[in-house]
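Each protein sequence line maps, in turn, to chains C and S. If you read the first sequence in my numbering, its first letter stands for residue -5, the second for the next number, and so on. If you read the second sequence in my numbering, its first letter stands for residue -5, the second for the next number, and so on.
Note that these hints are calculated values from the structure, not bench results. Errors might be hidden in some of the hints.
In silico DSBU-like links for lysine-lysine, alpha-carbon gap of 30 Å or less [claimed, not checked]: (1) Lys642/S with Lys268/C; (2) Lys642/S with Lys19/C; (3) Lys571/S with Lys345/S; (4) Lys234/S with Lys(-3)/S; (5) Lys642/S with Lys263/C; (6) Lys326/S with Lys137/S; (7) Lys679/C with Lys137/S; (8) Lys189/S with Lys366/C; (9) Lys539/S with Lys663/C; (10) Lys644/S with Lys19/C; (11) Lys679/C with Lys575/S; (12) Lys345/S with Lys597/C; (13) Lys398/C with Lys213/S; (14) Lys642/C with Lys86/S; (15) Lys554/C with Lys679/S; (16) Lys644/C with Lys536/S; (17) Lys554/S with Lys539/S; (18) Lys644/S with Lys86/C; (19) Lys263/C with Lys644/S; (20) Lys671/C with Lys671/S; (21) Lys86/S with Lys644/C; (22) Lys213/S with Lys227/S; (23) Lys554/S with Lys663/S; (24) Lys272/S with Lys213/S; (25) Lys642/C with Lys19/S; (26) Lys94/C with Lys642/S; (27) Lys263/C with Lys355/S.
2 protein chains.
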Amino acid sequence: MSKFNDIDRLCISTVRLLAVDAVQKANSGHPGAPLGLAPAMHVLCRDFMNVNHENVDWPNRDRFVLSNGHACALLYSTLHLLGYDYTIDDLKRFRSVGSKTPGHPEYELPGVELTTGPLGQGISNAVGFAIAQAHIAARYNKKDCEISTNYTYVFAGDGCMQEGVSSEACSLAGHLQLGNLIVIYDDNSITIDGKTNLSFTEEVAVRYRGYGWEVIEVKDGNDNLDAISQAIKLAKSNKKQPTLIKLTTTIGFGSLNEGTYNVHGSPLKPDDVKQLKKRFGFNSEESFVVPQEVYDFYKEHMIERGKKANEEWNSTLEEYMRKYPELGAELKRRIAGILPPDWESALPTFKPEDGDLATRKLSASVINSLAKTLPELIGGSADLTPSNLTRWDDAIDFQPDDTKIGSYMGRYIRYGVREHGMSAILNGISAYGYNLKPFGGTFLNFVSYASGAVRLAALSGYPVIWVATHDSIGLGEDGPTHQPIETVTHFRALPNMQVWRPADGNEVSAAYKVSIESKATPSIICLTRQNVPQLEGSSIEKAAKGGYAISEYHGNTTPKLDLILVSSGSEVSLCCKSAEKYSKDHKVNIRVVSLPDFYTFGKQPFEYRISVLPDEVPILSVEVYATLSMCKYSHEQFGLDRFGMSGKSKEVYEYFEFTPDGVASRIAKVLSFYSDKTIRSPVRKALA
Amino acid sequence: MSKFNDIDRLCISTVRLLAVDAVQKANSGHPGAPLGLAPAMHVLCRDFMNVNHENVDWPNRDRFVLSNGHACALLYSTLHLLGYDYTIDDLKRFRSVGSKTPGHPEYELPGVELTTGPLGQGISNAVGFAIAQAHIAARYNKKDCEISTNYTYVFAGDGCMQEGVSSEACSLAGHLQLGNLIVIYDDNSITIDGKTNLSFTEEVAVRYRGYGWEVIEVKDGNDNLDAISQAIKLAKSNKKQPTLIKLTTTIGFGSLNEGTYNVHGSPLKPDDVKQLKKRFGFNSEESFVVPQEVYDFYKEHMIERGKKANEEWNSTLEEYMRKYPELGAELKRRIAGILPPDWESALPTFKPEDGDLATRKLSASVINSLAKTLPELIGGSADLTPSNLTRWDDAIDFQPDDTKIGSYMGRYIRYGVREHGMSAILNGISAYGYNLKPFGGTFLNFVSYASGAVRLAALSGYPVIWVATHDSIGLGEDGPTHQPIETVTHFRALPNMQVWRPADGNEVSAAYKVSIESKATPSIICLTRQNVPQLEGSSIEKAAKGGYAISEYHGNTTPKLDLILVSSGSEVSLCCKSAEKYSKDHKVNIRVVSLPDFYTFGKQPFEYRISVLPDEVPILSVEVYATLSMCKYSHEQFGLDRFGMSGKSKEVYEYFEFTPDGVASRIAKVLSFYSDKTIRSPVRKALA
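Could you put together the complete structure from these sequences and hints?
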């Protein structure tokens, strides 16, 4: 006998119609997936999800990820019933400017765990949730006191299954045996272009079994609530494999156009809405209707259960604090999102006599220090560990115990050659909570593979870190396929993104300092393969401003500056060397400005910025990159508006004239050109 | 009895040692994969590959793709033996500046079909090769005259299997039943981090079977030449499925460190090289040795066979020209890479009275015209056909015949939700030849998902086209997850990349004109979802310069310009409207400059550029994008250095003040600020 009855069907119809009404009112949106997935959503909430709208950040809540984010009318409607801060009026303002119900779910909204919509991301973020949960459980759970027990549930559609980012993340999830991850795949055979037989005839179940997942097929996802519930229960009981529940549904269930792409992404016809309401037993003339018994049912069954679970967890936490005061204090600190006192004293500082070192090696020193100080640091690399130098000395790999090559206690993740999957996972780990500070390594050029996830980190404000080594032609022999040219400009243009390119050890420490302290801005830290000197004039404090005058070379006795060289990373020392020689040879005064991060420099007050880049001095930028972004902070640019070359680092620099002589010839041209011209600082602007 | 004997083993040893010597000489590179894959390479060349070093572009040559491009020492060594223009001295200059043997294979080199190295790309490009071959065969082959019969062979490693881009492309390849595609997967269980058990324990064979591929396992790829040959033969006989040959090899075979990650990416120790040479029967004191019998064997068996096949094909082509003169003429034209005469007369032109239309709709008109005129146009979309409007009226889908929903004759490809896979496939189609002009549609924001492939298009010079609709906040309700902000700056910074953002119908035609004519530069054409007016002052000819003064508004009778508004796409009409009103209200003279493509504008002579953006006039840019790139061509920027918002297009523009009033308030500030200042054109520079 079914445990579901009329009230369940009424709840489902209510959610379906709320979603449809929201789309109609907005005259925009996606009714199809909500109509198809409302039964699964109801069953998930009724029987499994423990959440608490009064404490939305309760650390042990179950996580729900709507990877097919365009179905958000379903999510907002359900969150409304679950007591979250969404009124019926909010639902009526769906997809309108400034509303709490935008066209895709956004991280900062109550009950929304992740920003989703770009397909493939949510399910991949969810792998990050599952990793984070497994790790927190391994670190803190005690047999008599289980702190972390939550599951991560995902809804995903055909699009999410087709995107490569999810292939990467799900392959890794299978490898990592993440039994706490349950994906409900809305197998409705429809995408925007039409039937999936146009482009997507692979056997998804076979593929996921190949990844090492358990796959459960539920054929009648429109009706068979018991089967859905059974499947989720079975999935939960499998502690060694993530589960894909392949749920066959009808897109736009109940609509006259059900089962076609017409119901995917635009409102239904008014007549269709009427018959739909009638069919579900609602008054076809009314909109946004929630029967009181639906509110009551959600309150009694879901809201109360969630609140109770939260209360029990609070007691568990108290008990934990008593029994395990040391770990308990760490846990409490992390839940509060506070770094340990004096953590930054772990950051190394450097003097010129420390000699030449690659900034990737300097980064390795920082990581080694921080890993000891910050238990929340959780790192990894997309199969470039020996190149990125991201693994600290006594790191334990994050691996299932039975592999004997690590444990879930471990904090070093072997991501495989999966930059995009890694990056989406970083986002998930960060969003999971417990002050987790994830970083992932790859070559700077291949951060671009992860653009989709990097963008979502910036948009959502997940303060993750990419350790991006081999940051220029300085990587040498691997050649132009591996040498970034446009990459830094790309990410400098991304709002809410730090792009650090430290010039030496102190600047590396500064980059990590600001990145680790960041609450809502991600960072890419660009690091050299090749050695650079430790510079006179650098300091953590100065570099932490994002830009500063690192040194001045006076070839004459007047205080007047003749030229500023502005640069970043490995070219700062080149500028210093060039300026030193040129100023002496030509009796001019040259300042070198190091600009390790545009974002941070841009946040400094105008007075500071103009003091670094004053009026009346020509500014020449030097970076072995596309010159486009340096147009913002210089009058003239010496750069590389072409692809690089395979060869020894030094020879490639010489080939492109990034040498003291090459810089000198540009300085001469710039000085001559500007000698009779009025010059305004690029930071002095009419529009702030 | 084996058909292979001592000479085969000698050939293999020779290639192995050439590759090792090249890496040793360079003191940089990857010996492991060449040592493991040399047997497969030899068997492939000996028994299957038909190529002709004297006619490297022979259209019906078999295609070889080294997807694990870091193994290029293997490729260069083999090309040397195959008679291609690589001397032993070239091999000695491996990975050095200006050499013909760079650190990863580059498209322009003889015998190198594709630029590879960034993992996952080559195998995905190869899907494009296979699609292109199937299409050319379907279009031109006659029962008595087969023009196109070649196969595409790919070597790929674990990295290529892990990357999501290959998952996307290979899923589609299975759907498309591409029997002409044969991938040899070097299953050596080692990646840079160590054993694949660190991160990659999925069953690749199961996954590929799920994609619909045939999978053949060859366990002893180090020795069993017969098994390799049999497997490839079997793969060739399967006309309905692509084949993955899972070839177990030992990375660094023969080295003292064989089977470990130590042999992956750095030279062997000198002693190791010595023992290796001894082991393979070579003098351990000599380097770069090719026994004469090896040259002879390659000449007799491979070079001669390839030449003969080419000659036979030439005869077939002659016969074809006689029997099928019309198709034959088209074929000949396409092989020569020449567009049909007067093709550009198919491009529509527009007048203001044609009214408001979305540029994506204007693009649809162009595509409709061009599809009739250009049989080489081969389009598609990553499951956004009804949004991108990329499918012309009588298009036939590229599908296997037995699906009954298209045919290989078709020129419209349903890529599924696979932007990166699609883009890599576009690159492959373009590189295949026959003047194929591939385009692929997606939202501009999701071209970023494909950054890895876009970059390789620019680096290699594949003139492909991305039809990138929904190009700004103007897409409205879908909100910030879908609204590009940084995207255009990213691609403007990419060398050799056109980024068109046309303002109206004439500019759309211009964008296609320049993109279709391009021989070695790819294009992204950014198009609006929302309507824009047809502008007075636009023309194909003017827009084809990349930037021009589209109109001037004189509020007083002097010729002196007070301000220039520079803009692109949908903001050009906003600028015109704003300038018209402001100039009248304030009696000033304002020029509006439309800058549809930075790349093309940047190629114009200085005199032209300075005439468009003259000295002594303040220039204000207006784009609903990150302002970074407009710093290149303006003094002041009005843009969007934050993420967008979900809401109706018009309301979102209003929210961010992209209205005539909003522009006017910026104009006022700029005029006031610059009233007492000397102004230099941003195109007047000391450094060209």
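Hints versus structure:
| no. | hint | verdict |
| --- | --- | --- |
| 1 | Lys642/S with Lys268/C | 25 Å, holds |
| 2 | Lys642/S with Lys19/C | 12 Å, holds |
| 3 | Lys571/S with Lys345/S | 17 Å, holds |
| 4 | Lys234/S with Lys(-3)/S | 28 Å, holds |
| 5 | Lys642/S with Lys263/C | 20 Å, holds |
| 6 | Lys326/S with Lys137/S | 19 Å, holds |
| 7 | Lys679/C with Lys137/S | 70 Å, violated |
| 8 | Lys189/S with Lys366/C | 27 Å, holds |
| 9 | Lys539/S with Lys663/C | 29 Å, holds |
| 10 | Lys644/S with Lys19/C | 17 Å, holds |
| 11 | Lys679/C with Lys575/S | 24 Å, holds |
| 12 | Lys345/S with Lys597/C | 46 Å, violated |
| 13 | Lys398/C with Lys213/S | 26 Å, holds |
| 14 | Lys642/C with Lys86/S | 14 Å, holds |
| 15 | Lys554/C with Lys679/S | 23 Å, holds |
| 16 | Lys644/C with Lys536/S | 44 Å, violated |
| 17 | Lys554/S with Lys539/S | 24 Å, holds |
| 18 | Lys644/S with Lys86/C | 19 Å, holds |
| 19 | Lys263/C with Lys644/S | 24 Å, holds |
| 20 | Lys671/C with Lys671/S | 12 Å, holds |
| 21 | Lys86/S with Lys644/C | 19 Å, holds |
| 22 | Lys213/S with Lys227/S | 16 Å, holds |
| 23 | Lys554/S with Lys663/S | 19 Å, holds |
| 24 | Lys272/S with Lys213/S | 26 Å, holds |
| 25 | Lys642/C with Lys19/S | 12 Å, holds |
| 26 | Lys94/C with Lys642/S | 15 Å, holds |
| 27 | Lys263/C with Lys355/S | 24 Å, holds |
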